[in-house]
Amino acid sequence: MQLKKPGSVPTALMAASCALLGASTAKADDSYESDDWQVDSALLYYKEDQQRVQAIEPVVSLKRDFGDDRSLGVKLTYDSLSGGSPNGALPSHSPQTFATPSGASLQAPSGEPQTYTTSSGRVVALLEKVTLYTTEPGQLPLDPNFHDQRVAFSTSWQQRLGEQMRLSVGGDLSHEQDFMSAGLNAALARDFNNKNTTLSFGTNLEADAIRPIGGAPVGGTDYTQLQKGGNESKTVGGVLFGVTQVLSRRWLAQLNYSYDASHGYQTDPYKLLSVIDAGGNAVGYRFENRPDNRTRQSVFLENKLALGRDVLDLSLRHMKDNWGIKSQTADLRYRLELGNAMYIEPHARYYKQNAASFYNLYLNAADPAPDVMSADPRLGAFDAMTYGLKLGMTLADKSEVSIRLEQYRQNARDVPAAFGQLQGLDLNPGLKSFIFQVGWRFSF
Amino acid sequence: MTPASRAIPVSTAGARSARNGASSELRITQQQNGIYAATFFAMASPCEILIETRDAKLARRAAQAAADEAWRIERKYSRYREDSVLSGLNRSNGASVVVDDETAALLDFAECCFVVSDGLFDVTSGILRRVWTFDGSDRVPAPADVDACRAFVGFQRLLWKRPLLNVPAGMELDFGGICKEYAVDRALAAITARFSGAVLVNFGGDLCASGAPAAGPWSVGVERPDSDREARLLLDLTQGALATSGDTHRFLMRDGVRYGHILDPRTGWPVKDAPRSVTVAAGGCTQAGMLSSLAMLRGSEAERFLTEEGVKFWCLR
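Chains F and V, in that order, are what the protein sequence lines are.
Residue 1 is where the first sequence starts when you use my numbering, and the numbers rise one by one after that.
Residue 445 is where the second sequence starts when you use my numbering, and the numbers rise one by one after that.
None of these hints come from the bench; they were simulated from the model.
From the three backbone atoms N, C-alpha and C, an ideal C-beta is built for every residue, glycine too.
One should not assume that every hint holds.
[Said to hold, decoys possible] The list that follows gives simulated cross-link-like pairs (lysine-lysine, BS3-like), each with its CA atoms no further than 27 Å apart:
hint, chain 1, residue 1, chain 2, residue 2
1, F, K304, F, K326
2, F, K398, V, K605
3, F, K75, F, K304
4, F, K195, F, K234
5, F, K352, F, K304
6, F, K352, F, K326
7, F, K63, F, K75
8, F, K326, F, K432
9, F, K234, F, K320
10, V, K605, F, K195
11, F, K432, F, K320
12, V, K501, F, K304
13, F, K432, F, K352
14, F, K63, V, K605
15, F, K75, V, K501
16, F, K432, F, K47
17, F, K75, F, K390
18, F, K195, V, K520
[What the hints assert, rightly or not] Cβ-Cβ distance ranges computed for the label pairs, FRET-style:
hint, chain 1, residue 1, chain 2, residue 2, range
19, V, S744, F, G7, 48 to 54 Å
20, F, L72, V, D680, 44 to 50 Å
21, F, V151, V, D680, 24 to 30 Å
22, F, G7, V, D717, 20 to 26 Å
23, F, W37, V, D527, 29 to 35 Å
24, V, T636, F, W37, 50 to 56 Å
25, F, W37, V, S640, 19 to 25 Å
26, F, L72, V, G620, 35 to 41 Å
27, V, S536, F, M342, 42 to 48 Å
28, F, G7, V, N537, 39 to 45 Å
29, F, R409, V, E469, 38 to 44 Å
30, F, R250, V, K756, 30 to 36 Å
31, F, S233, V, N537, 55 to 61 Å
32, F, L43, V, N537, 54 to 60 Å
[What the hints assert, rightly or not] Not the full set, but computed from the structure, chain F residues with beta-carbon under 7 Å of chain V:
hint, residue
33, G7
34, A12
35, M14
36, R190
37, N194
38, L199
39, R250
40, L252
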């Protein structure tokens, strides 16, 4: 046997053993039993421009592995939201006065008469004590008293069923001042081809109770009549089919199809539509009203590519619902390792949707009022772009800290041309927001 | 010479008789100099992990992660377990199967070893044990039986195109010559993923260190492969691995000829004049173990091979 070059065998073996040891690290590490809790905590600050919504959200999730692929997860989220939320009405060259949804905590300014004059000149008696707010000319009407707190709790259990199957079951609860939700979910995953292929099936059920402040308005009615009903409810059920495939040692792909159906109250009780006459004047407002049924289908494809030590993550989603909305999302992340203990991850996301069939920026006073209607910008046609950057660092004790900064920009499309009194007004100004998040991952 | 932190008894011969491999318990004791020692049994060897820390909980977690990794690899690649991945491949009966990433990486490594050794190291050679039993007797197999067996040996007969593997019917894979050293490296990685202090992982004499304790380098004693437990060699180790291959007690003797248990897969017959033991130092245990195995397979050429390749080694004849 001819040995090519002195030293070539140790060099070849060193390279080969490095490849061997580097190959399956992440996969095998998952099976460790650890007698401690893995804690993933984050504090998120979200702020929209122009005094709109801001939110502070601390999240703590705990996970414990019991070995043999059994693990328990618990997640606690708290949200505090405040600021102004668009009420759906169009801006105007005249001041517009609205009532906040009445509630025990809201008081009319003392001494003021319990009536107000609408922009169409009608004097309306208020049935309950409410707080009024006036939007300045040219401004997008925002309810400045928007504030809410949300507490959410979720838990999940995962375990193996035999050699090839994994089961996970979970439940969640969420509570807000005017909204309560409880859900259950379960998923089964089965490995094939020596774990190169995984098929999964999941299902979830959710029941919501909606108790709008001041009662749920009767959908589609004249806002000034303040016709309000009681509490509402909604149920959601969904299924998911997924396949995960290892395509090469550096490429993992996942394809999911999901279908969900919700039935019940889907209207936003605090959103209105302006009624506009032929001259572009707001002659009234109506409460929005959405269909009781919504079915949604989506296809999601995710690719993870290992490029040396870096990871590229590209995902695409196509969603379609029976409200006429179709949306497309493309999300790209690149995790770039900087040395052994630091990484930087740029993120870009593009989102596009068309409008729901019952979306209207405003109602035409000359036309009969439709059955279902909404001017919620989230149901309109828009494009959105997110740019972000995350920086993570591993500390000496193996805990990891990260900071993330993201900017979001939403631009409405297909905005009808302004006419008459609406000229010169930005009818759908879109949205700009940013997110700042600090994360800390550790175990104890 | 630097003062010894602790002498590690390294055994190449006593390992097999120590215990029967059934136990999966982990014992931890606190040594002097702030070092915790964890012992357990895996891969037919007594295993030891030394960690310099004051944190008992961290020591336990790190040792547990290392032991779990050793047991995981043993479960996955043991040829004695029906439910191991390896047994599954050996039962595939000529069908092509897609193998997982870790198995693929081991096959790639085995292929590299086969190529650089010109066929001397071969993970398909285990089947020769059917005709060779090294029990100290004189039962040397008939050449015809050896030849019949050789028809089922040869890495080149496998169809290996990642991730697709075809083991022709009658052939068998055995990662026994790789797995213990691989487990040492993996166990050390499992610990250093959680801990950055001084650690030494020793699985039955194949060992790897990361960092030296405050009191000085790890002092490693390499025992003679024969019965007396006197260390013939004392080495200082701060970073890197030592692995030992030995001929030990497993041999046949006939007509005054000693047939050692190291078989040349190309002929099916024992390698002539293999050293009693070869200890090799390298950056990682997998690499050190393979170099010592390749040296044994060179028989009388072992020392020349290691010298020419610029390897740091200790050979006992």
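**Prompt:** Can you list which hints this structure breaks, lowest number first?
**Reply:** 2, 4, 12, 14, 19, 21, 24, 29, 36, 38, 39, 40
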